[in-house]
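Novice: Using the sequences and the hints given, assemble the complete structure.
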Amino acid sequence: MELDLMMPITRVRSVGTRSAARLAKLGITTVRQLLWHLPTRYEDYSDSVPIADLVPGEKQSIRGEVVAVSSRFIWPKRMTITTATLRDASGAVRAVWFNQPYIEESLTEGTLVSLSGKVVLDKRGLSLSNPLYERVGASEADGVGQLRHTGRLIPIYSETAGVTSKYLRFLIQPLIEQLKLPDPLPESIRREYGLPELVSALTAVHYPQRLEDAALARERLAFDDLLLLQLKALRERRQMNLLKSVRVPMDAVHMKGLIQGLPFSLTRDQRVAILEVLKDMERPYPMNRLLEGDVGSGKTVVALLAAMHAAREGHQTVILAPTEVLAVQHERTLRKLLSGHPEIRFALLTGTSALRDGRPASKAAIKRAVGSGAVHIVIGTHAVIRDDVRFPRLALVVIDEQHRFGIHQRATLMKAERHSSGLVPHLLSMTATPIPRTLALTVLGDLDSSIIKEKPAGRQPVQTQVVPSSSRDRVYEFIRGQVREGRQVFVVCPVIEVVQQEEQSHPAGRSPRQGKLSALWAQVKAVQDEYAKLSKEVFPDLRVVMLHGRMKSKEKQEVMHEFKEGWHDILVSTSVIEVGVDVSNATIMLIEGADRFGLAQLHQFRGRVGRGGHASYCFLFPTDDGAASARLSALETLDDGFALAEADMKLRGPGEFFGIKQSGMPDITMEALGNPVLIKKARAAARVILKADPGLKHNPLLAAQLAAMQSVVHSE
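Under our numbering, think of the first position of the sequence shown as -3, with each following residue one higher.
Derived from the structure by calculation, the hints contain no laboratory data.
Below 16 Å or equal to it, Euclidean Cα-Cα: the simulated EDC-like pairs (lysine to aspartate or glutamate) are:
1. Lys240 x Glu278
2. Lys275 x Asp247
3. Lys332 x Asp578
4. Lys55 x Asp40
5. Lys449 x Asp636
6. Lys359 x Asp383
7. Lys677 x Glu183
8. Lys114 x Asp43
9. Lys560 x Asp578
10. Lys162 x Glu130
11. Lys687 x Glu232
12. Lys676 x Glu188
13. Lys162 x Glu39
14. Lys55 x Asp43
15. Lys162 x Asp40
16. Lys176 x Glu(-2)
17. Lys677 x Glu188
18. Lys529 x Glu588
19. Lys114 x Asp40
20. Lys449 x Asp265
21. Lys332 x Asp353
22. Lys449 x Asp635
23. Lys55 x Glu39
24. Lys275 x Asp444
25. Lys176 x Glu193
26. Lys275 x Glu309
27. Lys252 x Glu272
28. Lys521 x Glu588
Specialist: Shown next as structure tokens:
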């Protein structure tokens, strides 16, 4: 009988209500999730020997009969010691367990047992210390038989309170023994890549005869999920190509004029990127391009040139920024670029700000102007996604820091129904977090990408140093010297992880929103405390200001404007200054609690300085001196964002790096995202399958798995 993988875990034998709640903490609520809860490692107890051949210091297994067992309590140590004597045809040996008195009830005299553990030699002779044990039948005493916990490669799993590896093995082995499942992977693909059949893979991954078998089984299971991701990406790409979009013909002469009119020269990478974008916009189906660029590489200019080009053809562009501070900055940049192009009309629309052609206007007036087509370029935040903002001639949507906008928000703006033309606009997403190629191949699928690696001329390399606590005063004096020379300083406060003991005690009385607010307030307090310390104790003679998430938008904009204009020497902030903030006179970035940030984020912080003609510095203050790990040291030697991204992914894992750890993908898939060879195999297989069966009508099992994955996985 075929096992129902979607059967609730409560219907599995030996899983009660309490155990089900504990298993749920490991993400196990169905039989499938239990079987796909894979071992993290294996203990090798396959060296099964007669008792007389035990070797001190080795991990070995024996089988024998319990001839004596007893427990004693040692009062001074508050410890129970259980000792059993086992005998086989070659001799006898002791087995000792600590604080497990129940073993005396399980291993009564005359019981045939298999033990696996480390052999210890002390003054009383050889013994097995805290060995794994299980009872065996007489027919199994001389062979492996149905052993689960001893005498072989033993799987060790991720555990939680009340759920041990032994309990998981106890649940999994009976299911494996009765497992009958159809294999969704076409046999031709299995043969092509030498992959085992599904049931064989599940059996080998939980109870391998050799470590090589387990490795091949893991590869098969990871391949399955990578294949689904590739099928999803390729099908979405094909569906996108069936949609109709606005054709914006490329006018090379006009674009050349725009570029020559810039107050600076574009890098080669910028020129290639704008050419790729404009070619995409010529097509009758929507562009879906990701513009990757290191911090300060000039992505925004590429996007603004594309918007200006669309405007010349009579079309509209929306540029979405994740914060009001960044939206305002983009508007000011656009205003400078458009100084010689009065025919292009633009507006800023955020939660609190509304400008039209650089002058204050009401939100209602701007919405009317946008709705009539009188405004060509709209820069804004989430406020632009509201239903009452309509675009009659929208041709291009630019999303800055695309991972900060949800799928539904982007989909809402891209819907053809929102636009009177009935056409789907082109989409250009931008990110300052360089994405490792192996990860992009899978998570982004066939999304087109343009990469800007070159930095504009005049950008200074930023000297980076991890600073121990003993050198803090020296750095403060250096900062004071820089300020005397007219330079400015960013100070970033660490990410605060709120220990939610209160939530654990009263889980029903606290909402996720309350948890986020607690974290936000903790961040605010960190900024306020650092501001107080620097302004009153360390730099009472300097002009220190703070910026945090609880300030009103207008206050934030005022602070940033004043800092940029040189009214303040030091800005103490949360990570709000991570993206886009451009202050050319700032030459020092000081990061408190640097070990609490990822490498990519630290690199973005560092990119906020070095934008002018002065030497710039980044000082990393770890939480404690021991936290100055290889991760932080990498920043001292690497200035290339793509190299750092690769290092970051290796250190933190793809899930943490790309923000998809909570996406619903299993850990094995997370690991596989860093395996370029396996990704290429899955990509090739997906193309072969879709070429022969575009609708997956002849692969119903794959189609069902793909539908199930799409309902769970939300990769941005």
